[in-house]
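Chemist: Take the given structure of chain A and dock chain B to it, following the hints.
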Amino acid sequence: MDERAFARLAEEYAGRLYAVAYRMLGHRADAEDAVQRALLKCYAARASYSPRWAVSTWLYRALTNVCIDELRRRRVRTDVIDAGTEAGEASERAPARSGRGVTTAAPAVERLDLRRALERVPREARLLLSLRYVDGLDYRELAKIRGISVNTVKSQLARGKAIMRDALRAGGHDGSN
Amino acid sequence: MDRTDDTLREIFAVTAPPTLSARILAALRAPAPGPDTLAERFHFEAGERGIRRLRYGRGRDVAVGRARRHVEQARAELAEYLAGGRTFFSVPIDLSGIGEFQDRVLARAQEIPYGEVTSYAEIARRIGHPRASRAVGNALGANPVPVLVPCHRVIRGDGTWGHYAFGPAFKTRLLTLERGTPLLVGCASTRIVCRRGCAHERRIAEHGRVVFASVADAVSVGYRPCKVCRPRDRAA
Numbered sequence: 001m002d003e004r005a006f007a008r009l010a011e012e013y014a015g016r017l018y019a020v021a022y023r024m025l026g027h028r029a030d031a032e033d034a035v036q037r038a039l040l041k042c043y044a045a046r047a048s049y050s051p052r053w054a055v056s057t058w059l060y061r062a063l064t065n066v067c068i069d070e071l072r073r074r075r076v077r078t079d080v081i082d083a084g085t086e087a088g089e090a091s092e093r094a095p096a097r098s099g100r101g102v103t104t105a106a107p108a109v110e111r112l113d114l115r116r117a118l119e120r121v122p123r124e125a126r127l128l129l130s131l132r133y134v135d136g137l138d139y140r141e142l143a144k145i146r147g148i149s150v151n152t153v154k155s156q157l158a159r160g161k162a163i164m165r166d167a168l169r170a171g172g173h174d175g176s177n
Numbered sequence: 178m179d180r181t182d183d184t185l186r187e188i189f190a191v192t193a194p195p196t197l198s199a200r201i202l203a204a205l206r207a208p209a210p211g212p213d214t215l216a217e218r219f220h221f222e223a224g225e226r227g228i229r230r231l232r233y234g235r236g237r238d239v240a241v242g243r244a245r246r247h248v249e250q251a252r253a254e255l256a257e258y259l260a261g262g263r264t265f266f267s268v269p270i271d272l273s274g275i276g277e278f279q280d281r282v283l284a285r286a287q288e289i290p291y292g293e294v295t296s297y298a299e300i301a302r303r304i305g306h307p308r309a310s311r312a313v314g315n316a317l318g319a320n321p322v323p324v325l326v327p328c329h330r331v332i333r334g335d336g337t338w339g340h341y342a343f344g345p346a347f348k349t350r351l352l353t354l355e356r357g358t359p360l361l362v363g364c365a366s367t368r369i370v371c372r373r374g375c376a377h378e379r380r381i382a383e384h385g386r387v388v389f390a391s392v393a394d395a396v397s398v399g400y401r402p403c404k405v406c407r408p409r410d411r412a413a
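Just so you know, the protein sequences line up as chains A and B, in that order. If you're matching positions, the first sequence starts at 1 in this note's numbering and goes up one per residue. If you're matching positions, the second sequence starts at 178 in this note's numbering and goes up one per residue.
So here's chain A without its partners, still in its complex pose (with noise of 0.2 Å):
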């Protein structure tokens, strides 16, 4: 893969990164600063990129490894970072609430009743959850991103989801079927 196909690569995929590096961190610096990193990482190793893997796979592999060692160094200092980036995303969305009826964001509120909701997914299960939602990403991508089993993917998965369909239906966003 020479430069300018990974050039190309980096600003097709920054964006879904992005995406992701966000739901996992929380955190709009830490997300951006995690794409740089990850992207310079998959760049400096370019050379040992086999065709044998789907680009998104190898993309997302580097992204999760630098997300998930940031999290390792964040444990103690969690509360710190969750109460600054939550009023700010209260904020950064309160527009999009204002056309009532047009769109269907939840409000403001619940929204952050669903972030705490999603604190309370272990770790693995969140990055999976994220990869899932954000990029539609299937099993089998998923098991080989995390070097784990479909198995484990899907019971992760279902793990998630039922701590997550919880905090829907106690914050009233009837989220059950």
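By construction, these hints were calculated from the structure, which means they are not laboratory data. There are no misleading hints in this set.
Computed spacing ranges between beta-carbons, pair by pair:
| # | chain 1 | residue 1 | chain 2 | residue 2 | range |
| --- | --- | --- | --- | --- | --- |
| 1 | A | A158 | B | G385 | 23 to 29 Å |
| 2 | A | P51 | B | D238 | 45 to 51 Å |
| 3 | B | D183 | A | D2 | 36 to 42 Å |
Even glycine gets a Cβ: it sits at the ideal position worked out from N, Cα and C.
Modeler: Below, chain B without anything else, positioned relative to chain A:
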């Protein structure tokens, strides 16, 4: 697919800032740093029981007989650490001759996990002298083996670096290095998780590397800890 799926998809929708890819492309085009000879500028003083002192700059190693082996090991491990290939040191350290208070402070500093930071006040609290953060700072400042005993992972409560034996720029450099290096690496084919720097970790192929945030996380998705480097989660 049920309504939970739809709701989740809606919650998860995020839009990236428009200038993101341009900034990343600029970073990709930045020149790569040249080869690093930093590790050669460290000098060790060792006794038979382990490394006694680490110095930076001009000087020479002080070791005779069996102590030379410790120096060789320390130099190799330090070079790997500075290149981001190692997250822990296994060379023995000989801290005999230092005071009891400093010994306790250094033992606490030794427990700070790779890549994380703590404050002087927190260490003071943990050793049972909550008002002694300045004394903790002095004890760390007199650390005979910086880097090996990670006093660079201790910063001031307000987030500033504080004093460092090799200067604040060096402290920044070490903390940045640790920020960009994962600690726990799993092998996707053997499903074993190692600490970075373990002999087995080094053999994991580039495409088989999966990073974990904790050993418990890795176990929850079917990995087991390596029996050689024995990764463990720190007690909360």
